[in-house]
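Chains as they are written, first to last, in my numbering: chain A, 1 to 391; chain B, 1 to 287.
FYI, nobody ran anything at the bench for these hints, they're computed from the structure. Please read all numbers here as calculations on a predicted model, not as lab measurements. Treat the hints with care, as some may be off.
[Stated by the list, open to error] No farther apart than 25 Å at their CA atoms in a straight line, the calculated lysine to aspartate or glutamate pairs in the DMTMM-like style are these: (1) Lys256(A) to Glu124(A); (2) Lys304(A) to Glu186(A); (3) Lys270(B) to Glu186(A); (4) Lys159(B) to Glu186(A); (5) Lys159(B) to Glu346(A); (6) Lys359(A) to Asp44(B); (7) Lys270(B) to Glu281(A); (8) Lys159(B) to Asp295(A); (9) Lys270(B) to Asp328(A); (10) Lys386(A) to Asp44(B); (11) Lys41(B) to Glu186(A); (12) Lys270(B) to Asp295(A); (13) Lys104(B) to Glu210(B); (14) Lys386(A) to Glu119(B); (15) Lys223(B) to Glu208(B); (16) Lys50(A) to Glu128(A); (17) Lys113(A) to Glu119(B); (18) Lys41(B) to Glu316(A); (19) Lys159(B) to Asp335(A); (20) Lys144(A) to Asp117(A); (21) Lys41(B) to Asp54(A); (22) Lys41(B) to Glu346(A).
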Amino acid sequence: MSLRKKIPTPRLIPTFSVILGLVILVYALASFPTSAQAAPSFSAPRQEDKPNNDFCLACHQEEGLDKTLGKESLPVTINPTEFGNSVHSKEGLLCVDCHTDISDYPHPDVKVKNVRDFTLSFTETCKECHEDQYLKTHDSVHQKALDEGNKEAAVCMDCHNPHTQTRLTGQTSGELTPAARLHIPETCAKCHDDIYAFYKESVHGNALTEEGNTDVPTCIDCHGVHNIQSPTTVTFRNSTPFLCAKCHTDSSIMDKYGISTNVLDSYVADFHGTTVKLFEEQFPDQPTNKPVCTDCHGVHDISKPDNPDTGIALRENLLVKCQRCHPDATANFPDAWMSHYTPSPENFPIVYAVNLFYKFFIPAVLGGMIFYVLTDIYRRILNRIKGVKHS
Amino acid sequence: MSKKAIDKPVLYERFPLWRRIEHIIMVLSFSTLGLTGLPQKFPDSGLGIAFVQGLGGIENLRTIHHVAAIVMMFGTAYHLLYMGYSVLVLRDRMSMLPSLQDAKDGLQALLYNIGFAKEYPKMGRYTFEEKMEYWAFVWGAAVMGATGFMMWNPITATKYLPGEFVPAAKAAHGGEAVLAVLAIIIWHMYGVHIRRFNKAMFTGMQTEEEMLHEHPLELEEIKSGRMRHKPDPKTLRKRQLIYFPIAAILAIAMLGGIYGFINTEETALKTIPPISVTATPENGAAP
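Build the full structure now, drawing on both the sequences and the hints.
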C-alpha cells in the first residue's frame, strides 16, 4: 500500500493544519518557561513544540507503509511495540529529534533517489548524541570502503537499527551485557554471512550460538568495534599471538574449560614463536614467514584440537598445516613442534631428558671448573704471601 | 737459574703460524656463534632483545649465526686435514691424546693447590688443563654440529629420525651453548688470560722460563734431544705424495658435507601463502 493513498483529501488539509497549528501554538506558549532550558539529557523536559511520537505513529504504525524513492520503495512502517522497547524510545527521544526535517504533514520532499542514499544521509544524525562512536567509525575499514565509493559499507544504522535497537551496555557498568554479546555475530552476519557460516561451526561460534556461552570471543573481541581495522594487514597478523593470548592466558576464563594458559609462553619458547616475538617487536609491519596462531588453528573456523576431522592434535591434520609452509615435510615432521606442551616424562620425554641432562651437566662441569680455579687462586695467593715461587 | 733466562730469553716455538690462524678463526666464529645464539635462547631478556635489534633483527641474526657456523665448519675441516698431515706425514707425536697421566696430573694439581701435595705436577707439551679444553671443544663441536644440522634441516632430519629429535636438538644446542660459553669464560679466561696472560697463541713463542713453569717435561725433552726430528726431505716428499691426494679427497668430501649442511633442503617457503579470510581451505571445513 502506498503512502499516497492514505493522504486525506486536499480540502481537509488546510483545516487540519490550522487546527494543529493552533494546538501546537497554545501548547508551546503554555510551556514556554520550561522549554527554554533545553537540557542535554534525554529525560530532561523537552521542547514541546515538536510533534510527539504518538502523533507520528498514528500514521506510521500502519502495516506495509512505504515511500517511493526513485525506483525503490522505502518501508516506513514503525512497529510501536518494537520502537517502545528500543533504547531511544525508553530514553524519551522523539521521532523528530532524528528526523529533523519533518515537523508536519505533508512531509518535505526527500531529495535522494534510492534507499541506500537515504540511509547514508542519516549518519551525521547519530553523531549528535554518539560522537565518540561516530568518530571511531571514521577510522574503520567500513568508512574507508565508503570513502572509496562502496556505498554498501556499513554505517551506524546498518548495525544499530535506530527504531528497534535495545540497550547494549549495562546501565551502570557501561560494559557490553552478555545478552548483547550473544547477538553480535548475527549483526555482522547481515553482510559477512559467509564468515558467519564458518564461525558458527567453530569452537568459539558453536559455544556462543548453541550454548549461549558468552566467554567466547564474538566478532568484535578480535576485530574491535566501531574503529574496526583491516585484519589482512601484516601488522594485524604479526600481533595475532598477543590478541589470542588476551583470553588464552587469562586463567579466570580458561580454568573453567581446563584449557592451558601456557599457550603463549610455549609458543614463544619455540622456534616459530621466538622469531615472531623478536620480529614483531622490531618490525611490526613487515611480513615474516613464521606462523602465528591462525596459521595452524584457523581463523573463523577454529576447531578443538581433538576434533577428529579437523583437530590439529591429530598428527595427520597437523601435517597438512605444516606443509603449507614446509611443502616437503613428511610424517615425522609434525612432532618437531611440541604442541604447546612443556616437555615432561609423558610428553616429549627425549626433550625432557636432554633438558634434565644439561640441568645437571652444566652445573657439574662449571662447578668443577670453578672449584679448581678457586683452589688455584688460593694457592697462588698463599705462595705469594709465603714468598714461594709457584712452579 | 730463571734470572739467566730472563736476561737472555731463549724462545721456543709453541704454535706455528698455521695453528695461530686456526685459533683466530675459531675465536671469531665461536664468539659470533655465542653472541648471536644466546639471544635466541633467551628471547625474553632485555639485553638479548637489544642485541637482536642492534644486529638488524632476528632474521639477520640467524644469517650471521649461520655464516659463523659455516666458518667454524671450515675451521674444523682445516683442523682435521692439518691433523692428518701432522700425524701421517710429519709423524708428530699425538701429544693431545688424553691419558691416565692427565688424570693423575689433574688430581695432583688440585691436591697441591689445597696443600695436600708438595709439588705441582710436571707436564709435557699439553697440560691436563689444555687437553681438557681441547676435548671439551671437540665434544661441543660434535654436539653443536649434529644438533645444528637437525635444526637447519629439520625436514631431512625427520625423514630418518623421530620428529621429537628436532626440539631435543634445540634443547641440546642451547644447553651446550650455555655450557661452552661459560666454560670458555671460566676455564679458558682464567687459564690463559687471568692467571698469566699467555701470549703464545698470538706470538707463537714461549720463553724458557714459561716452558719451565708450564711444560717442563717438553723442555726437558727438547734439551735432551729426545724430540722427534722432522723427517728428511726425501721421506717427507714421499709421504706428501701419498697424503696430498688423500687430503684432497677428504677435503672435497668435507666441502661436500658443508655444502650439504647448508643446502640439503629448502625448509620453509619464504612467504606464507595467505589464509583465506573465510577459512583455511585445506582443512576441509569449507562447505
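Okay, the hints, checked on the actual structure:
Of the pairs offered as hints, the one joining Lys256(A) and Glu124(A) is violated, with about 44 Å between alpha carbons and a cut-off of 25 Å exceeded. A hinted pair counts as satisfied when its Cα atoms are at most 25 Å apart, and Lys304(A) with Glu186(A) qualifies at roughly 22 Å. The straight-line distance between the Cα atoms of Lys270(B) and Glu186(A) is roughly 38 Å, outside the 25 Å bound, and the hint therefore fails. For the suggested pair Lys159(B) and Glu186(A), the alpha carbons sit about 47 Å apart, so the restraint of at most 25 Å is broken.
Between Lys159(B) and Glu346(A), the direct Cα distance comes to roughly 24 Å. Compliance with the 25 Å bound is thereby established for this hinted pair. About 20 Å separates the Cα atoms of Lys359(A) and Asp44(B), which keeps this hinted pair within 25 Å; it holds. Between the alpha carbons of Lys270(B) and Glu281(A) the distance comes to roughly 20 Å, so the proposed pair stays at or under 25 Å and holds. Distance check on the hinted pair: Lys159(B) and Asp295(A) sit about 23 Å apart at the alpha-carbon level, within 25 Å; holds.
Distance hint between Lys270(B) and Asp328(A) is fulfilled; the C-alpha atoms sit about 14 Å from each other, no more than 25 Å. For the hint linking Lys386(A) to Asp44(B), the alpha-carbon distance of about 49 Å lies beyond 25 Å, and the restraint is violated. Between the alpha carbons of Lys41(B) and Glu186(A) the distance comes to roughly 45 Å, so the proposed pair goes past 25 Å and is violated. Distance hint between Lys270(B) and Asp295(A) is fulfilled; the C-alpha atoms sit about 15 Å from each other, no more than 25 Å.
Simply put, Lys104(B) and Glu210(B) have alpha-carbon atoms about 22 Å apart, close enough for the 25 Å limit, and the pair holds. Taken as a hint, the Lys386(A) and Glu119(B) pair is honoured in the structure, with Cα atoms around 15 Å apart against an allowance of 25 Å. In summary, the hint linking Lys223(B) to Glu208(B) is supported, as the alpha carbons are separated by about 11 Å, within the 25 Å threshold. The suggested pairing of Lys50(A) with Glu128(A) holds, with an alpha-carbon distance near 18 Å, which does not exceed 25 Å.
Simply put, Lys113(A) and Glu119(B) have alpha-carbon atoms about 108 Å apart, too far for the 25 Å limit, and the pair is violated. Of the pairs offered as hints, the one joining Lys41(B) and Glu316(A) is violated, with about 30 Å between alpha carbons and a cut-off of 25 Å exceeded. Taking the CA atoms of Lys159(B) and Asp335(A), the gap is about 12 Å. The hint holds against a cut of 25 Å. At roughly 17 Å between alpha-carbon atoms, Lys144(A) and Asp117(A) fall within 25 Å of each other, so this suggested pair holds.
Under the criterion of a C-alpha separation no larger than 25 Å, the hint pairing Lys41(B) with Asp54(A) is inconsistent with the structure, at around 71 Å. At most 25 Å may separate the alpha-carbon atoms for a hinted pair to count; Lys41(B) and Glu346(A) meet this at roughly 24 Å.
The earlier numbered hints that this structure contradicts are 1, 3, 4, 10, 11, 17, 18, 21.
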